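J.: Just so you know, the protein sequences line up as chains A and B, in that order. Numbering-wise (numbering that gives the first Met the number 0), the first sequence opens with residue 0 and increments by one. Numbering-wise (numbering that gives the first Met the number 0), the second sequence opens with residue 0 and increments by one.
Keep in mind that the hints were calculated from the coordinates and are not lab data. It cannot be assumed that every hint is accurate.
Derived pair list, reagent style SDA-like, types lysine to any residue, alpha-carbon separation capped at 25 Å [said to hold, decoys possible]:
| no. | chain 1 | residue 1 | chain 2 | residue 2 |
| --- | --- | --- | --- | --- |
| 1 | B | Lys42 | A | Asp91 |
| 2 | B | Lys42 | A | Asp70 |
| 3 | B | Lys42 | A | Trp71 |
| 4 | B | Lys42 | A | Val88 |
Covered stretches of chain A (chain B as the covering partner; in silico rule of three or more C-beta atoms under 8 Å from a C-beta of chain B) [claimed, not checked]:
| no. | region |
| --- | --- |
| 5 | 25-37 |
| 6 | 48-60 |
| 7 | 71-81 |
| 8 | 92-103 |
| 9 | 106-116 |
Note that the coordinates shown come from a computational prediction; the quantities given were computed from them, not determined experimentally. Each residue gets a CB set at the ideal place from its N, CA and C atoms; glycine is no exception.
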Amino acid sequence: MSLYSRSGRPRPSGSRRELVLWYLMRITGLALFVLALAHYLILHFVFDPAEQNVAFITDARWSQLFWRALDWTLLMLVLFHAFIGVRTVVVDYVHGPRRRRAVIWSLYAIAAAVFVLGTSVVMTLPSPAMN
Amino acid sequence: MLFRYRGREGMLAWAFHRISGVAIWAFVVLHVVDIYLVGGDPKAYDTILQVYASLPGRIAEMLLGAALLYHALNGLRIILMDLWPAMTRYHRALWYGSWVVFTGVGLPVAYEIMAPVFGWTQFFR
């Protein structure tokens, strides 16, 4: 039995921080199972991309606070899950403490930039239909 | 190499999870930048969105959907085994089960995404 991989990362036991991240990856993963799949289905299956443009977003999607809040929640979950996931990959393949630290901090810098871009557009995009 | 190395299903499940995860990460970064353009440069956004509706764009969307669906289903399998370690004994059956769901859910969605370019009947919209 133990010859085979369980395919997931074993629960870390050495560090409290790594253990918290391990749990958070699973919790955000469950939330994304619903939210990311729903997001994909709505925007590629329910609505055809051929009918989508800026007006579709300002008048039909982000005209409601609900969708803005949901999309921002999705952004926060996916940013955490994706960047902590790639960090695990980096820790596996990038050796040497200096190089690893440099790569991980570049990763966090990209995450911060994506956070600022995404948050600013979802919070400030004017919508003529919104009241 | 992935198929010749004797890690079998458990290793393949892990490798596909990692590859699909990094691919989704890359798409998310691009996707936030393109959505930023809705406010920042609306004309550029409308041009970019036409790519999504083209044939290569739709093939890429299908690949994205496949990566997302695989990662979601296999993620559920990992969580199940983490919470209920006895299920680790059935990790291979769970993996094959996830492929059954993958096919059952994925094929109709792929059909519907490709239908407009080929003029096929759309059943869901």
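J.: Check each numbered hint from earlier against the structure, then list the numbers of those it violates in ascending order.
T.: 1, 4 and 8
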